[in-house]
Amino acid sequence: MNARPIHVTLPICAAVLAAGAWLAYAGDLIPPAGPVAPTHKTLTEIEPRTAVNATNTPGDADSLFKISQAGSYYLMGNIQGIAAKRGIEIAASGVKVDLNGFDLFGVPGSLEGVGVTVIGTRNVAVVNGSVRNWGGDGVSLAAIGVTNCRIQDVLASGNAGAGISAGQGSTVTDCAAASNTGSGINANTGCTVADCSASFNGGTGISTSTAGAVSNCSAYHNTGNGFFAADGCKLAGCMANNNTATGLSMGSGCTVSNCSAYQNGGSGIITNGGSTVSNVSVFGNGGYGISTSDGCSVSNCSAYNNAITGIVTVAGCTLGGCSAYDNISSGIVVGTGCTVSNCSARQNGEDGISADTNCVVADCAAVENTRDGIFAYNGSTVSDCSAALNTLDGVSCGASCMIRDNNCTFNGNTGSGAGIHASAHSRIEGNNCASADRGIQVTGLGNFIFRNTCSLNTSDWELGPNNIFGPIVDHRQLPSASVSGFSASSSLGTTDANANFSN
Amino acid sequence: MGCIASSNTDDGINTGLGCTVADCSASFNSGSGIKTSTGCRVAGCAAYHNAVDGFESSDNCTVANCSTYSNAGIGISAGDSCTISACSAGTNTSHGIRVGSGGAVTHCTAFSNTGVGITSSAGCVLTSCSAYKNTQIGINVTQGSTVADCSTTFNTLDGIVCTFGCVIRGNSCEKNGFSDGDGAGIHALGAANLIEGNDCTGADRGIDVNSSGSIIVRNACKMNTLNWVMAANNVFGPIIDRTIPASPAVSGNSAPSSLDSTDPNANFSY
Chain A
6 MNARPIHVTL
16 PICAAVLAAG
26 AWLAYAGDLI
36 PPAGPVAPTH
46 KTLTEIEPRT
56 AVNATNTPGD
66 ADSLFKISQA
76 GSYYLMGNIQ
86 GIAAKRGIEI
96 AASGVKVDLN
106 GFDLFGVPGS
116 LEGVGVTVIG
126 TRNVAVVNGS
136 VRNWGGDGVS
146 LAAIGVTNCR
156 IQDVLASGNA
166 GAGISAGQGS
176 TVTDCAAASN
186 TGSGINANTG
196 CTVADCSASF
206 NGGTGISTST
216 AGAVSNCSAY
226 HNTGNGFFAA
236 DGCKLAGCMA
246 NNNTATGLSM
256 GSGCTVSNCS
266 AYQNGGSGII
276 TNGGSTVSNV
286 SVFGNGGYGI
296 STSDGCSVSN
306 CSAYNNAITG
316 IVTVAGCTLG
326 GCSAYDNISS
336 GIVVGTGCTV
346 SNCSARQNGE
356 DGISADTNCV
366 VADCAAVENT
376 RDGIFAYNGS
386 TVSDCSAALN
396 TLDGVSCGAS
406 CMIRDNNCTF
416 NGNTGSGAGI
426 HASAHSRIEG
436 NNCASADRGI
446 QVTGLGNFIF
456 RNTCSLNTSD
466 WELGPNNIFG
476 PIVDHRQLPS
486 ASVSGFSASS
496 SLGTTDANAN
506 FSN
Chain B
5 MGCIASSNTD
15 DGINTGLGCT
25 VADCSASFNS
35 GSGIKTSTGC
45 RVAGCAAYHN
55 AVDGFESSDN
65 CTVANCSTYS
75 NAGIGISAGD
85 SCTISACSAG
95 TNTSHGIRVG
105 SGGAVTHCTA
115 FSNTGVGITS
125 SAGCVLTSCS
135 AYKNTQIGIN
145 VTQGSTVADC
155 STTFNTLDGI
165 VCTFGCVIRG
175 NSCEKNGFSD
185 GDGAGIHALG
195 AANLIEGNDC
205 TGADRGIDVN
215 SSGSIIVRNA
225 CKMNTLNWVM
235 AANNVFGPII
245 DRTIPASPAV
255 SGNSAPSSLD
265 STDPNANFSY
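If you're matching them up, the sequences are chains A and B in order.
Be aware that the first sequence starts at 6, since it is given in our numbering, and climbs by one per residue.
Be aware that the second sequence starts at 5, since it is given in our numbering, and climbs by one per residue.
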């Protein structure tokens with residue numbers, strides 16, 4: 006009989022190799038000198054943090070648990086609040102509290118869920134948990150002088166105060182605050198709030214004091230403003246929807262960019278002086294779409310279907326690249342000394358663009374508005390604009406204006422209007438007015454009218470007495486031969502360089 | 005991008021060469037709000053209540069869609085070959101906007117600054133700007149610059165001032181020399197300027213030309229204490245006095261001229 010082949014060679018070899026390896030791992034067969042000592046990690050080394058419990062962090066008269074020493078702390082379970090006490094009191098700097106995913110649940114008459122109580126406390130972090138139904142703020146790191154704190158991954162709801170309050174120079178990130186009686190998130194001076202949401206709160210959704218930065222946040226259905234920011238703040242990438250008051254309410258010297266405000270009960274965006282608003286959309290708000298104070302810059306914004314004016318500014322502002330469409334009142338209204346350029350205003354309930362005294366309106370389009378396309382008050386310049394199909398006048402101006410190089414067509418649409426309608430002492434030059442009830446209409450005296458063309462109006466020229474104008478040449482019936490070649494004599498019917506024409 | 009600089013003991017933001025600063029806010033700093041080196045871009049920023057300038061840019065920078073308000077120095081101070089567009093400079097304690105040589109300023113407003121509204125060095129282009137209620141000159145440019153399609157109103161001194169070799173065209177200047185000041189709508193200090201198609205109203209002087217060799221055509225001045233003050237040896241179209249126009253009303257499609265001139269280069273008082 007043939008011997009069976011030995012099939013155990015490979016396993017035996019593997020076992021030998023494994024034994025050899027184990028022997029190598031086990032160390033030297035000659036032990037080191039000294040007593041035998043453990044080499045494993047202790048529990049303390051594995052979890053060096055301090056558990057929040059009655060032994061480590063006993064409470065006192067107004068707290069269930071009190072942290073009085075710097076260090077890192079964590080919860081081991083939910084905390085049920087009781088009246089007249091806060092959940093966790095932090096009475097030292099340099100404390101981190103990891104809520105560890107657990108829930109701090111307050112009761113009526115309780116204090117804050119987590120609160121700092123010592124003036125001047127700094128470097129406190131609260132992370133990773135739920136804080137709800139407390140009688141004060143959910144998380145309050147905003148006592149007097151509290152600075153440089155962090156609140157992250159916290160859900161705060163149903164608290165009788167604010168959901169989250171942060172002291173100066175703090176950060177609040179990845180948090181959600183809902184249905185708190187006060188504000189959702191309150192941030193003191195110089196804070197950063199990012200990637201947070203605030204909804205259904207009884208006050209402002211997210212509020213920041215001076216020099217705060219708020220980015221990528223949403224504020225929805227809050228009873229106050231969606232966002233409130235004091236002077237020198239920045240809001241970027243934020244959304245304010247369906248808040249009862251203003252969507253975004255900003256102080257002076259703020260920047261608002263890449264935001265939207267939708268169906269807020271008040272205005273979409275309001276800013277104080279010296280702020281910039283860029284790349285925002287405001288839609289369906291109960292007040293103005295965008296409202297700014299003095300000296301602001303508004304660029305590349307759209308205002309659609311707001312209950313009052315789409316975009317309104319006070320003195321000395323610049324508007325560029327904006328559109329105002331279907332707003333109940335006027336599309337764009339600017340105060341004294343503003344510039345409006347490259348904007349469009351369409352189908353607004355009153356004027357398309359309305360400028361106060363001494364403004365410059367250039368390169369704009371105003372179409373199908375229910376009153377005037379462009380109205381400019383005394384001392385303003387309107388140039389290189391297009392005004393068409395407006396119910397009343399295409400361009401209407403006060404005294405001492407400069408109306409130059411505009412194209413006004415089909416105005417007086419379903420109403421009675423002129424292409425250009427001026428009062429007194431204005432300069433009206435180089436415009437084209439067609440297909441309105443009146444081409445150029447001047448009701449006052451002392452206007453200077455030259456080098457304009459009017460055509461297909463019911464009446465091309467309606468000029469009051471005592472104005473100064475170049476000859477008005479009626480070219481409607483003047484025949485001229487066709488031209489094919491390299492030269493032809495003039496068919497203008499005049500050599501007067503200041504002539505106006507009806508054609 | 006998207007930074008806040010507030011209450012710092014020096015500048016709020018200070019960059020090196022070729023940087024972009026966008027959507028930032030700089031307020032209450034003890035230096036300038038935003039200070040940039042050569043070749044930088046600043047967009048969508050606000051500078052408010054800083055102790056020096058709001059924006060301080062070196063050469064070859066662009067500043068766009070910014071607001072500079074109530075700073076203790078200049079609102080926007082830019083070096084040579086800079087472009088400033090769609091910016092607002094208001095209530096600064098010095099000038100509103102200042103640019104160096106070869107710069108461009110467009111669609112900007114300068115209002116209520118305690119200095120000149122917009123001031124530039126040689127070879128600049130200023131278009132479609134508004135200078136309103138500044139306590140000195142509205143717009144001030146030096147040699148070889150162009151000011152076009154701007155509005156200057158209620159400035160305490162002159163509306164527009166130029167030195168020599170400038171083009172001043174299509175501007176509206178109203179009620180300069182405001183309050184207790186003394187000013188002209190347009191004031192040319194030097195020679196060889198082209199002053200064309202402007203409208204000057206309600207100042208101490210409408211168009212005031214101190215030197216010789218300028219061309220003054222197709223302008224209109226009205227309701228100034230003196231509409232025209234020009235030194236000898238300038239070149240100008242006829243100045244037609246139409247302050248009492250006495251023309252009939254017009255209703256229809258044709259009418260004879262009431263200009264009292266067929267000269268295409270005529271200037272008018274009306």
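Keep in mind that the hints were calculated from the coordinates and are not lab data.
Treat the hints with caution; some may be incorrect.
Stated by the list, open to error - Just a sample of chain B residues kept apart from chain A, beta carbon distances all over 10 Å, derived: (1) C112; (2) F115; (3) G127; (4) D186; (5) I248; (6) A270.
What the hints assert, rightly or not - Derived CB-CB ranges, DEER-like: (7) A/A56 / B/D14: 23 to 33 Å; (8) A/G64 / B/G20: 51 to 61 Å; (9) B/N237 / A/A493: 26 to 36 Å.
Using N, Cα and C, we set each Cβ at its ideal position, and we do this for glycine too.
Q: Verify that the Cβ of B/F115 lies farther than 10 Å from every Cβ atom of chain A, and report whether the claim holds or is violated.
A: Nearest chain A Cβ is 3 Å from B/F115, so the label is violated.
Q) Is the Cβ of B/I248 more than 10 Å away from each Cβ in chain A? A) At roughly 8 Å from the nearest Cβ of chain A, B/I248 sits no farther out than 10 Å, so the non-interface label is violated.
(Q) Just to be sure I understand the hint, the distance between the Cβ atoms of A/A56 and B/D14 should be within 23 to 33 Å; is that true here? (A) Between A/A56 and B/D14, where Cβ atoms are some 46 Å apart, the hint is violated.
Q.
Using Cβ atoms and 10 Å as the threshold, tell me whether B/A270 really stays out of contact range of chain A.
A. Since the minimum Cβ distance to chain A is about 8 Å, B/A270 lies within 10 Å and the statement is violated.
Q) Taking 10 Å as the cut and beta carbons as the points, is B/C112 off the interface with chain A? A) violated, 6 Å
Q.
At 10 Å, judged by beta carbons, does B/G127 keep clear of chain A as stated?
A. Given a closest Cβ separation of 23 Å, the condition holds.
Q: Please test the hint of 51 to 61 Å on the beta carbon pair from A/G64 and B/G20.
A: holds, 53 Å
Q.
Does the beta carbon distance between B/N237 and A/A493 stay inside 26 to 36 Å, or does it fall outside?
A. Between B/N237 and A/A493, where Cβ atoms are some 41 Å apart, the hint is violated.
Q: Just double-check B/D186 for me: nearest Cβ-Cβ distance to chain A has to come out over 10 Å.
A: Check passes; 20 Å lies beyond 10 Å.
The structure fails hints 1, 2, 5, 6, 7, 9 (numbered hints given earlier, in ascending order).
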